[in-house]
Amino acid sequence: MIEKFVPLDTVGVPLDRVNVDTDAIIPARYLKTLKRTGLGVGLFYAWRYDAEGAERPDFPLNRPEFRGGRVLVAGENFGCGSSREHAVWALMDFGFRAVIAPSFSDIFHNNCLKNGLLPVTLPAAEVRSMIDALLAAPGGKVRVDLAAQEVTGPNGDVHRFTVDPFAKTCLLEGLDEIALTLKSSPEIDRYERERKKATPWLFLDLAG
Amino acid sequence: MPTLFEKIRDRHVVTRRGDDILLYIDRQLIHEVTSPQAFEGLRLAGRSVRRPGAMLAVPDHNVPTTPGRAERIDDRESREQIEELRKNTLGAGIDLFDITDPRQGIVHIIGPEAGLVLPGITIVCGDSHTGTLGAFGTIAFGVGTSEVEHVLATQTLWQKTPRRMRVTVDGALRSLVTPKDVILAVIAKIGASGGTGYAIEFAGETIRKMSMEGRMTVCNMTIEAGARFGLIAPDETTFAYLKGRPLAPPPSLWDAAVADWETLPSDPDAAWDREVTLDASSLEPHVTWGTSPQDALPVGGVVPDPEAQPDPSERARMRRALEYMALVPGTRMTDIPVDKVFIGSCTNARIEDLRAAAAVAMGRKVHANVTALVVPGSGLVKRQAEEEGLDRVFVDAGFQWRLPGCSMCLGMNPDRLKPGERCASTSNRNFEGRQGPGGRTHLMSPAMAAAAAVSGRIADVREVAR
Numbered sequence: 001m002i003e004k005f006v007p008l009d010t011v012g013v014p015l016d017r018v019n020v021d022t023d024a025i026i027p028a029r030y031l032k033t034l035k036r037t038g039l040g041v042g043l044f045y046a047w048r049y050d051a052e053g054a055e056r057p058d059f060p061l062n063r064p065e066f067r068g069g070r071v072l073v074a075g076e077n078f079g080c081g082s083s084r085e086h087a088v089w090a091l092m093d094f095g096f097r098a099v100i101a102p103s104f105s106d107i108f109h110n111n112c113l114k115n116g117l118l119p120v121t122l123p124a125a126e127v128r129s130m131i132d133a134l135l136a137a138p139g140g141k142v143r144v145d146l147a148a149q150e151v152t153g154p155n156g157d158v159h160r161f162t163v164d165p166f167a168k169t170c171l172l173e174g175l176d177e178i179a180l181t182l183k184s185s186p187e188i189d190r191y192e193r194e195r196k197k198a199t200p201w202l203f204l205d206l207a208g
Numbered sequence: 001m002p003t004l005f006e007k008i009r010d011r012h013v014v015t016r017r018g019d020d021i022l023l024y025i026d027r028q029l030i031h032e033v034t035s036p037q038a039f040e041g042l043r044l045a046g047r048s049v050r051r052p053g054a055m056l057a058v059p060d061h062n063v064p065t066t067p068g069r070a071e072r073i074d075d076r077e078s079r080e081q082i083e084e085l086r087k088n089t090l091g092a093g094i095d096l097f098d099i100t101d102p103r104q105g106i107v108h109i110i111g112p113e114a115g116l117v118l119p120g121i122t123i124v125c126g127d128s129h130t131g132t133l134g135a136f137g138t139i140a141f142g143v144g145t146s147e148v149e150h151v152l153a154t155q156t157l158w159q160k161t162p163r164r165m166r167v168t169v170d171g172a173l174r175s176l177v178t179p180k181d182v183i184l185a186v187i188a189k190i191g192a193s194g195g196t197g198y199a200i201e202f203a204g205e206t207i208r209k210m211s212m213e214g215r216m217t218v219c220n221m222t223i224e225a226g227a228r229f230g231l232i233a234p235d236e237t238t239f240a241y242l243k244g245r246p247l248a249p250p251p252s253l254w255d256a257a258v259a260d261w262e263t264l265p266s267d268p269d270a271a272w273d274r275e276v277t278l279d280a281s282s283l284e285p286h287v288t289w290g291t292s293p294q295d296a297l298p299v300g301g302v303v304p305d306p307e308a309q310p311d312p313s314e315r316a317r318m319r320r321a322l323e324y325m326a327l328v329p330g331t332r333m334t335d336i337p338v339d340k341v342f343i344g345s346c347t348n349a350r351i352e353d354l355r356a357a358a359a360v361a362m363g364r365k366v367h368a369n370v371t372a373l374v375v376p377g378s379g380l381v382k383r384q385a386e387e388e389g390l391d392r393v394f395v396d397a398g399f400q401w402r403l404p405g406c407s408m409c410l411g412m413n414p415d416r417l418k419p420g421e422r423c424a425s426t427s428n429r430n431f432e433g434r435q436g437p438g439g440r441t442h443l444m445s446p447a448m449a450a451a452a453a454v455s456g457r458i459a460d461v462r463e464v465a466r
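One line per chain: the protein sequences are A and B, in this order. With the first letter of the first sequence counted as 1, position 208 gets the number 208 in my numbering; the numbers rise by one all the way through. With the first letter of the second sequence counted as 1, position 195 gets the number 195 in my numbering; the numbers rise by one all the way through.
Everything labelled a hint here was simulated from the structure, so no lab data went into it. Do not take every clue at face value.
To be verified - In silico DSS-like links for lysine-lysine, alpha-carbon gap of 30 Å or less:
1. A/K168 x A/K183
2. B/K160 x B/K7
3. B/K7 x A/K197
4. A/K35 x B/K418
5. B/K7 x B/K189
6. A/K196 x B/K243
7. B/K209 x B/K189
8. A/K4 x A/K32
9. B/K209 x B/K243
10. A/K168 x A/K35
11. A/K183 x A/K196
12. A/K141 x A/K168
13. A/K183 x A/K197
14. B/K418 x A/K32
15. A/K35 x A/K183
16. B/K160 x B/K87
17. B/K209 x B/K7
18. A/K4 x A/K183
19. B/K160 x B/K189
20. B/K87 x A/K183
21. B/K7 x A/K196
22. A/K141 x A/K4
23. A/K197 x B/K243
24. B/K160 x A/K196
25. B/K7 x A/K183
26. B/K7 x B/K243
27. A/K4 x B/K160
28. A/K197 x B/K160
29. A/K4 x A/K35
30. A/K183 x B/K160
31. B/K87 x A/K32
32. A/K168 x B/K160
33. B/K87 x A/K35
34. A/K168 x A/K4
Next up, chain A with everything else stripped away, as it sits in the complex (with noise of 0.2 Å):
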């Protein structure tokens, strides 16, 4: 089930790295849990933190300037790695309704849509200039307007973007998409009883 998609006025947090991995953006020993809620206290955790536990003040999430910002902005390649679905959970509990990058790896791209946070994918040079924008004046408001599919940057440029149109459907209703799925039944049903002639060595454990 998913979060409805509202459109955000909020300021940026700038993350000027390339390929931020989902190892970082949640680390391993937070993913014990058998909640989706709570991540928020590891998000970025060592980058976040030092050995001693200690917030590291230059890390944009801490700057106070950055407090409570909901639009992430990033390098390319964004979410790569590992498939933990932990790490869309832990950014939007932590706040994060948006992330901006040029890229996003494919897995974390889908686990944000079927959570509710919007990956807008821009090109790399409007990414930097946003990301330059945000640094040199922090607390820049960025705008996100799923539904007119544009984001509106700290110095009022307005970047269209592309987006799924069933995905945009699903985020801005918050759909269920396993009820819609589920509506296909008898399609699967029927699938599955052609399939079985075909391969029948793939549906061993189906009577009939």
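Model the placement of chain B on the given structure of chain A, informed by the hints.
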């Protein structure tokens, strides 16, 4: 003219919605870390598992690898996750290779051993290294927990068709150069995001000559190049591996299955969106220097200089990686000392990997400054290795011989690096903190890791084994 991927996809279409395909998923593998929330989701919505017989579960990510684990697991959260997997699978009627089962092991290793992974199937798991199973000519891919739940409830997933890349590797591998070196070289060539949006089919003489174990190593790390899917066409090597395994087609259906599988390879005139070639005949053993799997170079090389990198973003990334790794540009890779050696993981913990490492370890001693672990990929791998006497070779050389699991690949169980420790590892990711907070990872093959263990530093296995 369809590719292997397209042929498998076309036989799994349940229905369509615009560009999206509702893809039937033949099999799902389940482990303890990415499944609890999926089962919880089903419970909250009052849904059931559609096809329990298509699932197989195993605890692997956070199981201890030390004796006594069946009786007692000290870490409360790990214990609870393993207990939760037990409850969830029992409740749904899903087969579980539990911690006391001789077949327990790393999820991507136990599936093939059981004969669960057959050419032409679609198979998913809540783990990014599921691409490993593409070595059998399957559409195998990692998914998040929401998709695990979707497959449990519907036996399907909505998918877009990825772009097509073929990586052709030709030429005979030189002595002590392995499939791990091939895939590290491929990732270095196309980059950590070069495969994003693609399904990669590996082809060529070098791949054809690889065993299933070697092919799985290659497909395993496809995700480190950004591609969710790595595929290799099924052939006689595949069929010989599968024949007689518990979940392989029974004798009455075997010939029909093989006849079907022989139709799967990409047609000669299949179209590709991108083609990459690699000459394996000149390939050297590879190691990584940085914090991305793309940071691989021949072991004879030196730590690269970020200042020679023209792209500012890449320059910044390299500087940061060197700072984290505490390395100075120009240092010879073979001058880098190591504290730990880890031989294991879904990349390199199959029997051939252990044989290759043991061949180097035999008659030698682990360096006094090094702690070295060997973690077999499964109980069956462990048993076979012990039948061959490999455990004695390792123990006599000073390696620790552990119980199966993911172990120090991701540092969820007690096997972790301490801050600042440097590890020669046969695993798949050298990310910051991957093997433990502050730990530093150099990826390499099992033979190279064994050479590092006995040398106390990164070493060229060809010189150690001489």
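Going through the hints against the structure:
Using a Cα cut-off of 30 Å, the hinted pair A/K168 and A/K183 holds, with the two alpha carbons roughly 20 Å apart. The hinted pair formed by B/K160 and B/K7 meets the criterion: a straight-line CA distance of about 15 Å does not exceed 30 Å. Distance restraint check for B/K7 and A/K197: the Cα-Cα separation of roughly 18 Å lies within the 30 Å cut-off, and the hinted pair is therefore satisfied. For a cut-off of 30 Å, the pair hint linking A/K35 to B/K418 stands: about 28 Å separates their Cα positions.
For the suggested pair B/K7 and B/K189, the alpha carbons sit about 28 Å apart, so the restraint of at most 30 Å is met. With a CA separation close to 21 Å, the supplied pair A/K196 and B/K243 stays within the 30 Å bound. The straight-line distance between the Cα atoms of B/K209 and B/K189 is roughly 22 Å, inside the 30 Å bound, and the hint therefore holds. Restraint check for A/K4 and A/K32: satisfied, since their Cα atoms lie roughly 28 Å apart, inside the 30 Å limit.
Between B/K209 and B/K243, the direct Cα distance comes to roughly 19 Å. Compliance with the 30 Å bound is thereby established for this hinted pair. Annotation: proposed proximity of A/K168 to A/K35 holds, straight-line Cα distance about 26 Å (limit 30 Å). Simply put, A/K183 and A/K196 have alpha-carbon atoms about 22 Å apart, close enough for the 30 Å limit, and the pair holds. Proposed proximity of A/K141 and A/K168 is supported: the alpha carbons are some 23 Å apart, at most 30 Å.
With a C-alpha separation of about 24 Å, the suggested pairing of A/K183 with A/K197 holds against the 30 Å cut-off. Between the alpha carbons of B/K418 and A/K32 the distance comes to roughly 20 Å, so the proposed pair stays at or under 30 Å and holds. For the suggested pair A/K35 and A/K183, the alpha carbons sit about 28 Å apart, so the restraint of at most 30 Å is met. Restraint check: the Cα-Cα separation between B/K160 and B/K87 comes to about 34 Å, which exceeds 30 Å; the hinted pair is violated.
Distance restraint check for B/K209 and B/K7: the Cα-Cα separation of roughly 23 Å lies within the 30 Å cut-off, and the hinted pair is therefore satisfied. Restraint check for A/K4 and A/K183: satisfied, since their Cα atoms lie roughly 22 Å apart, inside the 30 Å limit. In summary, the hint linking B/K160 to B/K189 is supported, as the alpha carbons are separated by about 26 Å, within the 30 Å threshold. Restraint check for B/K87 and A/K183: satisfied, since their Cα atoms lie roughly 29 Å apart, inside the 30 Å limit.
Of the pairs offered as hints, the one joining B/K7 and A/K196 holds, with about 17 Å between alpha carbons and a cut-off of 30 Å not exceeded. Taking the CA atoms of A/K141 and A/K4, the gap is about 21 Å. The hint holds against a cut of 30 Å. Note on A/K197 and B/K243: the hinted pairing holds, with a Cα-Cα distance of about 22 Å set against a maximum of 30 Å. With a CA separation close to 25 Å, the supplied pair B/K160 and A/K196 stays within the 30 Å bound.
Our distance criterion of 30 Å between C-alpha atoms is met by B/K7 and A/K183, whose separation comes to about 26 Å. Proposed proximity of B/K7 and B/K243 is supported: the alpha carbons are some 23 Å apart, at most 30 Å. A hinted pair counts as satisfied when its Cα atoms are at most 30 Å apart, and A/K4 with B/K160 qualifies at roughly 23 Å. This hinted pair checks out: A/K197 and B/K160 have alpha carbons roughly 27 Å apart, not beyond 30 Å.
Our distance criterion of 30 Å between C-alpha atoms is met by A/K4 and A/K35, whose separation comes to about 20 Å. Proximity of A/K183 to B/K160 is assessed by CA-CA distance (about 20 Å); at most 30 Å being required, the pair is judged to hold. Distance hint between B/K87 and A/K32 is fulfilled; the C-alpha atoms sit about 16 Å from each other, no more than 30 Å. Proximity of A/K168 to B/K160 is assessed by CA-CA distance (about 15 Å); at most 30 Å being required, the pair is judged to hold.
This hinted pair checks out: B/K87 and A/K35 have alpha carbons roughly 16 Å apart, not beyond 30 Å. Annotation: proposed proximity of A/K168 to A/K4 holds, straight-line Cα distance about 10 Å (limit 30 Å).
Consistency note: the structure conflicts with earlier hint 16 alone.
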